[in-house]
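Asks: Residue strings, one per chain:
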Amino acid sequence: MYDKETLQKLFRYCYSLTCNEPDAYDLLQSAVEKYLKSRNTAQQPIAYIRRIIHNQFVDDCRRQKIVQFETIEEDNLPTDFDMQTLESVVINEDLADKVLQYLDPGEREIIYFWAVEGFSTSQIADQLDVPRGTVLSKIYRMRKKLIEKFDSESLSILEVGL
Amino acid sequence: MKTNNMKKIMGEHINGKSLSDDQLDQLMSLQGIKKDATSTRSSVRYRWAASMVFVVTVLLTALYFNLSPNLSLDARIGAEVAKNHIKLKPLEVQSSDLAVVRKYFTELDFTPIESALIKPLDKTLLGGRYCSIQGVTAAQLRLKDNKTGQIQSLYETIYTPDVFKNLPKLEEGKAPITVYSGGLAVDIWVEKGILFALTRDVQ
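The listed protein sequences derive, respectively, from chains A and B.
So the first sequence is numbered by this note's numbering: it starts at 43 and just counts up by one.
So the second sequence is numbered by this note's numbering: it starts at 22 and just counts up by one.
Keep in mind the hints are simulated off the structure, nothing from the lab.
Virtual Cβ for every residue (Gly too), placed ideally from N, Cα, C.
A portion of the hints provided could be inaccurate.
[Claimed, not checked] A few chain A residues facing chain B, derived, Cβ under 7 angstroms:
| no. | residue |
| --- | --- |
| 1 | Phe53 |
| 2 | Ile88 |
| 3 | Val132 |
| 4 | Glu135 |
| 5 | Ala138 |
[Unchecked claim] As a list, the in silico DSSO-like pairs of lysine-lysine whose alpha-carbon atoms are at most 27 angstroms apart:
| no. | chain 1 | residue 1 | chain 2 | residue 2 |
| --- | --- | --- | --- | --- |
| 6 | B | Lys38 | A | Lys46 |
| 7 | B | Lys195 | A | Lys140 |
| 8 | B | Lys104 | A | Lys76 |
| 9 | B | Lys195 | B | Lys213 |
| 10 | B | Lys213 | A | Lys191 |
| 11 | A | Lys187 | B | Lys28 |
| 12 | A | Lys79 | B | Lys28 |
Can you build the whole structure from these sequences, using the hints too?
Replies: Given below as structure tokens:
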């Protein structure tokens, strides 16, 4: 059973994936129904339902052909970057929604774990059940994508830690 | 314009999103947790206060439904049913045999039945999936109209007067009520203790 506080957190996770509040609610409701049906007594019920939400969302996207979940190639990537790569990005407050809309769901999911849950790269990799290198690749590409998309007044990079 | 590091701004932006009280109540209800299930204290004073709150709530609810009989509830059911129908989520069981579909629904407090308003020869059953109406677990059956090819969703859930109030009952000679939402018509009625909601295209 999930209390109200947990449901709010899960809703925010759903919102990070869908980028749309009504869809986020539908996704959460569907996941709770699935969880109840499974009669699962998971030791980590939050991680368990997050997994249900993730899988449900991927299935929905594939069925509706909204987005493709592309595999990430890890070649030609610099070796000296980490979450610090994202920490150095400074943006306008008004840009938050545009950034979310512009990123793909996989990238938004990383943003959620990083900015809301405060997870490290390794924790994100554990949560997503992918190698740490895959998360790093995604972060690197995300940063590049954002710099290319937004002008220097909206988004800038602090020269620290890189 | 104000700038800040992306982590802080994205965190605040996402944390600014939240479920409404209605949505939270529906999700709690779906889990079988009552809205105000906190009254486990034993003090007489607390019980008295809780009783007074209950009485006032019942009076206000009765007053509300006398002033606007079921309109908002019908609309809410119609909107929920239409919205779910439009998504056509994958069926969890596929069969044209109601007996097979029934066997799948082991977690329900009722048995999905045929309605006297739906002639079996006019529709083909495609299958079903679990869903909920207003937080109450329900069966969503998918039908195909044999004449028009129209895909329809038929929701069935146990009818409880405290949740679903005074919806039209076939046994009392009443006709289904129709509400419109998302470009669809949704017929709602109660029959043999089951609440039915059937989507159909608006002509």
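Asks: Determine for every hint whether it applies to the structure shown.
Replies: These are the hints, each one checked on the structure:
1. Because the closest C-beta pair between phenylalanine 53 of chain A and chain B is about 5 angstroms apart, less than 7 angstroms, the hint holds.
2. The beta carbon of isoleucine 88 of chain A comes no nearer than 14 angstroms to any beta carbon in chain B, farther than 7 angstroms, and the hint placing it at the interface is violated.
3. A cut of 7 angstroms between beta carbons decides the hint on valine 132 of chain A: the least distance to chain B is about 5 angstroms, and the hint holds.
4. Taking 7 angstroms as the C-beta contact cut-off toward chain B, the hint placing glutamate 135 of chain A at the interface holds, the least distance being around 5 angstroms.
5. At a threshold of 7 angstroms, the smallest CB-CB gap from alanine 138 of chain A to chain B is about 4 angstroms, leaving the interface hint in force.
6. Our distance criterion of 27 angstroms between C-alpha atoms is met by lysine 38 of chain B and lysine 46 of chain A, whose separation comes to about 14 angstroms.
7. For the suggested pair lysine 195 of chain B and lysine 140 of chain A, the alpha carbons sit about 51 angstroms apart, so the restraint of at most 27 angstroms is broken.
8. Using a Cα cut-off of 27 angstroms, the hinted pair lysine 104 of chain B and lysine 76 of chain A holds, with the two alpha carbons roughly 19 angstroms apart.
9. This hinted pair checks out: lysine 195 of chain B and lysine 213 of chain B have alpha carbons roughly 13 angstroms apart, not beyond 27 angstroms.
10. About 60 angstroms separates the Cα atoms of lysine 213 of chain B and lysine 191 of chain A, which puts this hinted pair outside 27 angstroms; it is violated.
11. This hinted pair checks out: lysine 187 of chain A and lysine 28 of chain B have alpha carbons roughly 16 angstroms apart, not beyond 27 angstroms.
12. Distance check on the hinted pair: lysine 79 of chain A and lysine 28 of chain B sit about 36 angstroms apart at the alpha-carbon level, beyond 27 angstroms; violated.
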